Amino acid sequence: MNIHEYQARELLRNAGIPVPPGEVATTAAEAKAAAERLGSGKVVVKAQVHAGGRGKAGGVKLADTPREAGEIAGRILGMKIKGLTVEKVLVAPAADIKSEAYVGVIVDRASQSPVMMVSPAGGIDIEEVAAKTPEKIFKTPVDARYGLLTHQAMALAFRLYDDVTLVRQAAPILQKLYRAFVDAGASLAEINPLVVTPRNEVVALDAKIVVDDNELERRPAIEALRDAASENPFEVQAREANLTYIKLDGNVGCIVNGAGLAMATMDLVKYYGGEPANFLDIGGSSNPDKVVAALRIVTADPNVKAILFNIFGGITRCDDVANGIVAAAKQFTVPVPIVIRLTGTNEDAAVKILESVGMKAMTDMDQAVQQAVEVARKGGAAA
Amino acid sequence: MSIFIDKGTRLVVQGITGRDGSFHSKQMLAYGTTIVAGVTPGKGGQRFEGTVPVFNTVADAVAATGANASVIYVPANFAADAIFEAADAGVQLVVCISEGVPVLDMTRVMPYLREKGVRLIGPNCPGLISPGQAKVGIIPGSICVPGPVGLVSRSGTLTYEVVYQLTRAGIGQTTCVGIGGDPIIGTNFIDCLAAFQADPATKAIVMMGEIGGTDEQNAAAFVKAKVTKPVVGFIAGQTAPPGRRMGHAGAIISGSSGTAAEKIAAFEAAGIAVMKRPLDVVQLITERL
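Residue numbers (my numbering), protein chains in the order written: chain A, 1 to 383; chain B, 384 to 672.
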C-alpha cells in the first residue's frame, strides 16, 4: 500500500526525525490559509498523489506569498499526474538548502534482509544517479534481528558528510528511519532529499513509505492511512472481495486461480493473437461469492468482449467456481460470452452444475484461450 | 529417487486441526505420506482422523515421534513463529504453505534458519511431491506420476498445469517443488537445480519462472556453469504491465529489471530451452529425454 508524502512525513516526525512543518489542503483557499499560518516566507506546494516524478510533471511549485500559494494550489489540484488526479496538496515552508542527500531502506531479495542505502547525490535525479553512477550509492545490509547498529549508521553517515557535527545528526536519523520502516511494516522507506540547512541542521524534506500489504491486518493505524479515493475503483472493489485485479487495455477478460497461472493465461491470450483486459486472481479456497464479485468487476469493463475462466482446481474447488458463475448469471446480466476451462478438484460436479444451466466447460487451456480470443475478435458474438 | 522428500519422510503438520490443515492432511494421508504427528496448541492428546497423534508443541511431537519434516498451515501472521518453532524442535525440512506472510518476518527467519542449517520451502508455496513416495503440501496427487523429470516452480496452479501436461503425455516426475512467489523464500531455483543435478533418477529439469527479481537470471548462470542435465524453462508475465504487483509479492517489475524478456534472454543464453506456452513442455522434454 502506498501512503501520501504528508502521511509519511508524519510517521517520520513521530519517530523523532526532524521534519519541517506542513499542512494538507484540498482547496486553493485552504492552501492560502495554510501558507499564512506558516508565516511570511516562501512556501512549496506539492501534489499528493501515488506517483513518482511529481516535480517533473509540474506538481511541485514554489510560492512567494500566501496568495500565490493559493493560486498555485488551484492549478495543481485537479491536475492529472500519470493518470492520477491530484486531490490534495501539501503546503510547507521552502527551506534554503546547502546540500541534498538520499537515504532509504528497502527489503532486498538477494541478501534476504533490509538494506540501508545512502547517497550524497540526493534530490530529484536519484534514479539517474543509481543508473549512471552507482558508485555514489552506498549500501549496508541490516540483520533484522538486531536492527541498524550505531556503528553501521555512523559509517553510512560518514559517506554523506565530512563534517562530524552533520554526521552526528544524520546517524540517528538513519536509525530512526530504520525503526519507522519496521514499525510501519514497510517494504520501502526513504527520505529524498535529506538536506543541510544554512544553519547546519540536517532535516527531512520529503518522505516516501510503501507498506507491505501483508502487514496491514496487524497494523490498523497504518491501514487507516489508506486513501481509497486515490486508487482505481475496480481495484478497490476487488481488494474488498479479496481478489487481486489489475486493469489492462485488451478485450479478453480473464478470471483465473493463482497468480502464476493468471499471468500465463494472459500470455497465452497474447500468444493466440488476443489482448488480455485484465489480470484477476481469485486466489485459493475461493468461494462462490468471490466468483460473483470477479464477474461483476470484469463485466463492468466496457472493453471486455469475452470472459475467459481458467481454473485449475487444487485448493480451489471447481464446483465452487461453477456455482459462482451460475449465481452471478442470476444476479445480473453478463453481456458477453463466457468461455470456461475447468480441471482438477471436483471437476465432474462443476461440469454438471454448468450443464444444468446450459453452459459448457472445457478441460484444455489452449482450446479455451483460442476460443475466447476468437469470440472477442468477433466483438463478443457467440462463437 | 527424488529430492527433499521420499518414503523416509516423517512429517509433522503444524495447524493440523485448522480448515486448510485438516483438509490437506487427509489428502496427504490418502496419498501415502507418513504423517507421524500434528500440532495444535491446546489440542494435545487428541487424535486426527482417529490415528495421527496431536501435540501442543512441535518439540513434543518430535520427541515422541521422531518427525524429521514439518509442514505449516497456520495463519500468515503466525507463520514466522511456526517456522522458528519447527527449527528449534530439530526438524531438518520445513515447508510453509501459508500465504501472506509479512516480508519483514522473513528477514528475521532466514538468518536464523541459515545458522541452524534448516531447509525451508516457501512461504506462500504449494509444497512438493515425490510421486509414488510422499507429498507435503497441497499439490494434487492425482495429476502426478513417477518418472524422470524434476520440476521447480515459483507458482502453484501454473505448476499443476505443466505437471498435468507432462502426465497426460505419459512423462512422469521425480519431484515437483513449488518454491513460492514471495520476495524472500527459503529455497530458490539454484537449490533445487543443484539437488536435481545430484539426483540420479532425474534425467531432465523443468523450471517455471516469473517476472520480478533476478532469481531466474541467477539460476540461468548456475545452469550454464553446473547443470549437465537438459533444462526446459518458462517465464510467466510477458504481458504484465511494469511496476504492478500481480498477486505474488515477488512478481514486481521495477524499471527494466526482472522483465520477462530479460529472463527469457538469460535462459536462452544458458542453453535452456524456452517454452512459449505451458503446452510446449511436452515436446521440449520429449526431445531431450
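Quick caveat, the hints were computed from the structure, so don't treat them as lab data. Accuracy of the hints is not assured; some may be wrong.
[What the hints assert, rightly or not] Okay, derived cross-link-like pairs now, DSBU-like style, lysine-lysine, Cα gap no bigger than 35 angstroms in a straight line:
no.	chain 1	residue 1	chain 2	residue 2
1	B	Lys409	A	Lys352
2	B	Lys609	A	Lys139
3	A	Lys247	B	Lys586
4	A	Lys82	B	Lys659
5	A	Lys208	A	Lys80
[Unchecked claim] Some, not all, of what chain B presents toward chain A, calculated at C-beta under 7 angstroms:
no.	residue
6	Asn451
7	Gly500
8	Val528
9	Thr642
10	Asp663
Since this is a predicted model, take the numbers as computed values, not measurements. Yeah, the Cβ is synthetic: ideal placement off N, Cα and C, and Gly gets one too.
Here's how the hints hold up against the structure:
1. B/Lys409 to A/Lys352: Given pair B/Lys409, A/Lys352 holds - Cα atoms ~26 angstroms apart, limit 35 angstroms.
2. B/Lys609 to A/Lys139: holds (30 angstroms)
3. A/Lys247 to B/Lys586: Violated, because 41 angstroms separates the two Cα atoms, which is more than 35 angstroms.
4. A/Lys82 to B/Lys659: The given pair, whose Cα atoms are some 32 angstroms apart, holds under the 35 angstroms limit.
5. A/Lys208 to A/Lys80: holds (20 angstroms)
6. Asn451: This hint is violated: B/Asn451 lies away from chain A, its Cβ roughly 25 angstroms from the closest one there, beyond 7 angstroms.
7. Gly500: violated (16 angstroms)
8. Val528: violated (16 angstroms)
9. Thr642: violated (12 angstroms)
10. Asp663: violated (10 angstroms)
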